[in-house]
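Asker: Here's the letter readout for the chains.
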Amino acid sequence: MAKATQWNTMGRKLLLEKAHVEGIRYFDVYRREGGYRSVEKALKTMTQDEIVEEVKKSGLRGRGGAGFPAGMKWSFIAKPEGVPRHLVCNADESEPGTFKDRYLMEFLPHLLIEGLIVASYALGSNTTYIYIRGEYAWIPDILEQAIAEAKANGFLGKNILGTGFDCEIYVQRGAGAYICGEETALIESLEGKRGNPRIKPPFPAIKGAWGRPTVVNNVETLASVVPIINEGGEEYAKIGVGKSTGTKLISACGNINKPGVYEIDMTISVEEFIYSDEYCGGIPNGKRLKACIPGGSSVPILPANLLLKTAKGETRYMNYESLSDGGFATGSMMGSGGFIVLDEDQCVVRNTYSLARFYRHESCGQCSPCREGTGWMEKLLLRLEKGEGKISDIDLLWDIQSKIEGNTICPLGDAAAWPVAAAIRHFRDEFEWHVTHAAEAQTRNYGLAHYADPIHVPV
Amino acid sequence: MSETPLFKVTIDNITIEVPAGTTILNAARKIGGDVAPPAMCYYSKLEGSGGKCRTCLVEVSKGSEKDPRPMPKLVASCRTTVMDGMEVKNITSPKVVDARASIVEFLLLNHPLDCPICDQAGECHLQDLSYEHGKDGTRYEFQRRTFKKHDLGKYIQLHMTRCILCYRCVFTADQISKKRSHGVLDRGDHSEIATFIEKNLDNDFIGNVIDVCPVGALTDKTFRFKNRVWFLKPMDAHRNCPTCSGKVTLWNRGDEVFRVTARKDEWGEVEEWICNDCRFEKKHTSDWLIEGPRLIDRHSVIAQGHYAGNVGQTIPNETINKVLHGRSPRLLMDIHSVSEVNQPDIDLSSIQGPAHSNNFNSNKD
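Residue numbers (this note's numbering), protein chains in the order written: chain D, 1 to 459; chain F, 1 to 365.
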């Protein structure tokens, strides 16, 4: 983690602004620093629809990976008479390379609770859940302490701030399954069942937890509701660019000098993010950049030349649109903001293998393409990595991933297929080198090769 | 009284009207034939089943009359309801045919293909599926997965290696029997059907898991290795059973009852659930009132050579005499002069019980 990071004045911070104020974890300090203003504003002066409208205006996009507009998601929730509704906070952050929610919950638990209260009010959820990843074993204590403090100060429980709104927040721990980050699997698990994703439709907004209308939002999304309410949706939308509004937390890791969680306003370029001292601080030991997975393990990996510049020769920026410029052929995705940097000493085949191993292990096993296909890909990649593969294995891998993608119940199949597809698409010669130079591949890495060469842009 | 509106849906260029709320699969089954997508996990009698095996994927080329946009991905026809004016492509879509072939490949990836010793052979949906929609050969060059053996008691034999994780048996135990003591443990490619800490499956209607299993993962222990299903004669029979309808299919050879199953419809689904007592304990012809031969699809291997006149077919008239104008055919070779298989003096159907090597050897003396 980035400890005692000096937050530069450049770039606006909305979430992590106060992250390093001494004692911000506790209610008194958080309140003194202006915390829970949004709850007072929302519950006392705004209607439910006004809050949803404000979030819509802000252009806030889901921060869990898919980037679906949060306000739109909220407006989909069914409101049948006499049926309780639920808000569930998805804190099952398990994507390799992503650790922003953990940072947020460890340092600023009250920010999440504050966002949860406002969102619960907007959605009419009197019982709200935080479903947290089982491996984050120490964080439920932090959250529960924050919940207890908020309750003791009248921000939770019965008749909050005398407005007549009741809300309880419960923390539910998962049992250590990546798949439970998928919203319907999360709901199944929350209900106490095996975490198998449900077949959609019906969507959770109609039939979610216990068959009731449910909204599932990521930790960062819910925390972002606080500045939106405090400053207004339009003000929030002014930050960032285009449809990438507000700020985004990026958890940077891999071969960089300063791994950690950074809040960016989505106007900086990828190159600046990697090399500026304010953020990642460049690559250690003077090594050169080879590749990067810009949004968590399931998004396509990009070679250095396509990462810093798009195929059109334009600078690539750290926002939803620019990162996905060029589609899957030459682009990637913002995803959940897990920024993994690979330097010239990293082996893409090995990296792809370890991702494939992860997805094989985390597949729920419910539908056949993912259950069988992920295991097959892992075995083929291991064979290639060990120098025992064949050239035809590369084509076979391509075929398998194309047969998994889009044919599964939930996006885990896609998430398992994309990294393999992108690695073969951009690094095919490295895969082939593992076959043609099998013995050599066991002793050294392929290196940078031409992956950083400027791409010819036809005029 | 409000009536369910009828929706017009076109599947493989055949239009049919079905009540709103019908799934694409059930609409296609109404048309029947090749238009009906195969289903390995969907079971119309089990609530919540389906959507998992992905063999029934179809392409929706037109969403509905109101919203004609095609659906971006192939959809599981068993869990997608029809919309008015929907157009669906099943076997007319190369995408579907291709995806289905790959699903078959995935399903067979870790399947042991031990059909020669599998009791399900001959009535196995995976066999049919592979035959109809698969490609020959496999591109898988690794060891197939194995599991630690679990004993499920004296009635039900579990072969986890054959399982395709359709979850049907889990739904059956939940919805049909009094108590479910088995389920899916673990996840991904190491998930398995098992009981948590060895338990016997023996409650009331649990035997039905054998009938719903599309493969040979759950088989009848009282019938294990006793006979091949295509050597048996299926007959509808019933008895006065205090717990179930008592309507079953007996699988006989001569007078001996080899096994008892529920009656299955043309989609291989059980018509009425039967209790364990009927299935496992009533193995005498005298226990049953026989109604007559069971209608078996003529494409099934089980139907081969069995009383053709009784299963809805007519025995074709011998035409050779007519064609040859009374001359006798000239035989070029008597097969028995070169082969010792099926010796003419041994009439297989008159042998008591299953054929045994002794039947052949004793005749040689």
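Check the hints yourself; a few may be wrong.
[As the list claims (entries may be wrong)] Pairs of lysine to any residue, SDA-like flavour, derived with a Cα cap of 25 Å:
#1 Lys-95/F with Lys-207/D
#2 Lys-95/F with Asn-26/F
#3 Lys-207/D with Phe-142/F
[Unchecked claim] From the structure, some residues in chain F lie toward chain D, with a derived Cβ separation under 7 Å:
#4 Ser-102
#5 Arg-139
#6 Phe-142
These are computed hints drawn from the structure, not numbers from a lab.
Glycine residues also receive a C-beta, built at the ideal position from the N, C-alpha and C atoms.
Asker: Sort out which numbered hints this structure fails and list those numbers smallest first.
Answerer: The structure breaks hints 1 and 3; every other hint is satisfied.
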